[in-house]
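Participant: -2 is the number of the first residue of the sequence shown in the numbering used here; add one for each residue after it.
Hints were generated in silico from the structure; no laboratory data involved.
Treat the numbers as computed from the prediction; the structure is a model and nothing was measured.
Check the hints yourself; a few may be wrong.
Keeping only pairs whose Cα atoms sit at most 27 Å apart, straight-line, the calculated DSSO-like set for lysine-lysine is [said to hold, decoys possible]: (1) Lys113 - Lys87; (2) Lys22 - Lys113; (3) Lys41 - Lys87.
Computed spacing ranges between beta-carbons, pair by pair [stated by the list, open to error]: (4) Leu106 - Val74: 15 to 23 Å; (5) Gln108 - Gly23: 25 to 33 Å; (6) Asp65 - Leu103: 54 to 62 Å; (7) Ile39 - Val109: 40 to 48 Å; (8) Ile49 - Tyr27: 16 to 24 Å; (9) Asn81 - Ser115: 46 to 54 Å; (10) Leu70 - Ile49: 17 to 25 Å; (11) Ile48 - Met100: 44 to 52 Å; (12) Pro37 - Asp111: 25 to 33 Å; (13) Ile49 - Val74: 15 to 23 Å.
Heads up, the beta-carbon is just placed ideally off N, CA and C, and yes, glycines get one too.
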Amino acid sequence: MTKRNYRGKEGRGLEENNLQGQPIKGIFSYLRMGFASDYPTIMKLGYAMAIIFSVLLFFCGYQFFTADKNSELFWGVCFVVSVNAQVTVKLWIYMQTNHNIVMNELRLLNQVGDTKNSTHATS
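Full structure from sequences and hints, please.
Facilitator: What follows is the structure, given as structure tokens:
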């Protein structure tokens, strides 16, 4: 099934073009587009937090399965909290990436609208 582009030839859809005019291929190029914002250091901080919570997740999981009966509950709670923290950070990363993509599309549509308006005004 092919995707239709309802915006005409002037405005290329997101499936055809990203911030640099290249096709979006795979998850890595999609996530790389999240850094094309005004504040890429915040995205870097988000990725650093995701890595920290991943390490914490594996550490707490290992400690849970090797703990004695008295500390299993503590490590189990730490494991669940680290899972929730990691999910939250990853959702934030995806939300920021989607926000950047939508804002880019709105800028492209605005540029297309401005060029159409300027050609209609001169004719």
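Participant: Determine for every hint whether it applies to the structure shown.
Facilitator: Results for each hint:
1. Lys113 - Lys87: It is violated: about 39 Å lies between the C-alpha atoms, which goes past 27 Å.
2. Lys22 - Lys113: Roughly 30 Å between the alpha carbons, so the hint for Lys22 and Lys113 is violated.
3. Lys41 - Lys87: holds (12 Å)
4. Leu106 - Val74: 15 to 23 Å: violated (48 Å)
5. Gln108 - Gly23: 25 to 33 Å: holds (27 Å)
6. Asp65 - Leu103: 54 to 62 Å: Given about 56 Å between the Cβ atoms, the range holds.
7. Ile39 - Val109: 40 to 48 Å: Because 29 Å falls outside the window, the suggested range is violated.
8. Ile49 - Tyr27: 16 to 24 Å: Distance hint for Ile49, Tyr27 holds at roughly 23 Å.
9. Asn81 - Ser115: 46 to 54 Å: Holds, since Asn81 and Ser115 (Cβ atoms, about 51 Å apart) stay within the stated range.
10. Leu70 - Ile49: 17 to 25 Å: holds (23 Å)
11. Ile48 - Met100: 44 to 52 Å: violated (26 Å)
12. Pro37 - Asp111: 25 to 33 Å: The hint (25 to 33 Å, Cβ to Cβ) holds, given that Pro37 and Asp111 are roughly 27 Å apart.
13. Ile49 - Val74: 15 to 23 Å: holds (18 Å)
Taken one by one, the earlier hints fail for this structure at numbers 1, 2, 4, 7 and 11, listed in ascending order.
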